[in-house]
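Each residue of the sequence shown is one higher than the one before, starting from 23 at the first, in my numbering.
Rather than coming from a laboratory, the hints here were simulated on the basis of the structure.
Even for Gly, the Cβ is constructed at its ideal location relative to N, Cα and C.
Hints may be right or wrong, so weigh each one.
[As the list claims (entries may be wrong)] Across the chosen pairs, the derived CB separations fall in these ranges:
1. Asp106 to Gln161: 23 to 33 Å
2. Met174 to Thr107: 50 to 60 Å
3. Gln229 to Leu192: 51 to 61 Å
4. Pro69 to Thr107: 16 to 26 Å
5. Pro69 to Asp106: 30 to 40 Å
6. Val109 to Glu67: 37 to 47 Å
7. Leu157 to His178: 38 to 48 Å
8. Arg46 to Pro105: 49 to 59 Å
9. Met174 to His154: 40 to 50 Å
10. Thr107 to His178: 26 to 36 Å
11. Lys90 to Pro69: 29 to 39 Å
12. Val228 to Leu192: 52 to 62 Å
[As the list claims (entries may be wrong)] Within a straight-line C-alpha distance of at most 25 Å, the following computed SDA-like cross-link-like pairs (lysine to any residue) qualify:
13. Lys163 to Glu184
14. Lys149 to Lys214
15. Lys214 to Asp233
16. Lys212 to Leu202
17. Lys145 to Arg53
18. Lys199 to Thr209
19. Lys163 to Thr209
20. Lys145 to Lys214
21. Lys146 to Thr107
22. Lys117 to Met174
23. Lys185 to Met174
24. Lys149 to Pro105
25. Lys145 to Val111
26. Lys199 to Gln179
27. Lys163 to Arg153
28. Lys249 to Gln239
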Amino acid sequence: MKKQLVGLTLILLSAPWAWAQPYRLAEATQRVNNQKYAGVTSWVEGPYSQVEEDWLDYLRQHGKIRRKRNYYQISDLQYNGLPDTLVYVTRVSNKDSQGLIWIAPLTRNLPAGERQKLMNTLKKLLKEGTRHYYLAQAQAKIDESEAAALVMSKKHQRLLYEKEKLAEDLRAAQELKAELEARLEETNLKIKSLNQQILDTDSAAVQAYRDLEEIKQVIEHHKEELKKIK
């Protein structure tokens, strides 16, 4: 159980949500179908595959997603401050074994002021999406910890039951030991008594044999005397 507790503690401490997470957002341009599009990125501290899966799940809550060759296309994106008439593109790159999210409007003809406003709103969307990932990971770790705690609780109850049963067995064994020791003492006394009786009987038998021999001698003496009378 101690090893399990240590392992659970290490899981909790090593989890990426165990401390305040940074939001590393930046404007970046990437190519889609050989055309450059300006967008924003968020570097998410987590495995690439998990980051991509969670990001797409988050986007599905706000719009429609279609998978393309090496990116995803988003339409009807419902988010405060974003025009839903625009089509957006997104992809998650595997960078240093972590996820780098990029999203951009599929247009290059926006006025500078409108473009910057759109970039700022996309940063908010990305920040919320990144936070959504961290919260999902935190909840997953909480669920994992609660499941581990439930297993440990059941094991603890089982060990307490086993301890109580072992204590009962120990008491029964101690009672049996006391009973056997009393019977052993009684048996030892009986053996001692029987040994003494054997010694006494043996001594009496020797004395009886001696008395018998003396009586035989007396009988023989009387027989000799009887012969003399005739």
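Comparing the hints with the structure gives:
no. : hint                         : verdict
1   : Asp106 to Gln161: 23 to 33 Å : 29 Å, holds
2   : Met174 to Thr107: 50 to 60 Å : 54 Å, holds
3   : Gln229 to Leu192: 51 to 61 Å : 55 Å, holds
4   : Pro69 to Thr107: 16 to 26 Å  : 35 Å, violated
5   : Pro69 to Asp106: 30 to 40 Å  : 32 Å, holds
6   : Val109 to Glu67: 37 to 47 Å  : 29 Å, violated
7   : Leu157 to His178: 38 to 48 Å : 30 Å, violated
8   : Arg46 to Pro105: 49 to 59 Å  : 26 Å, violated
9   : Met174 to His154: 40 to 50 Å : 30 Å, violated
10  : Thr107 to His178: 26 to 36 Å : 59 Å, violated
11  : Lys90 to Pro69: 29 to 39 Å   : 23 Å, violated
12  : Val228 to Leu192: 52 to 62 Å : 53 Å, holds
13  : Lys163 to Glu184             : 31 Å, violated
14  : Lys149 to Lys214             : 94 Å, violated
15  : Lys214 to Asp233             : 28 Å, violated
16  : Lys212 to Leu202             : 15 Å, holds
17  : Lys145 to Arg53              : 19 Å, holds
18  : Lys199 to Thr209             : 15 Å, holds
19  : Lys163 to Thr209             : 67 Å, violated
20  : Lys145 to Lys214             : 100 Å, violated
21  : Lys146 to Thr107             : 19 Å, holds
22  : Lys117 to Met174             : 38 Å, violated
23  : Lys185 to Met174             : 16 Å, holds
24  : Lys149 to Pro105             : 18 Å, holds
25  : Lys145 to Val111             : 14 Å, holds
26  : Lys199 to Gln179             : 30 Å, violated
27  : Lys163 to Arg153             : 15 Å, holds
28  : Lys249 to Gln239             : 15 Å, holds
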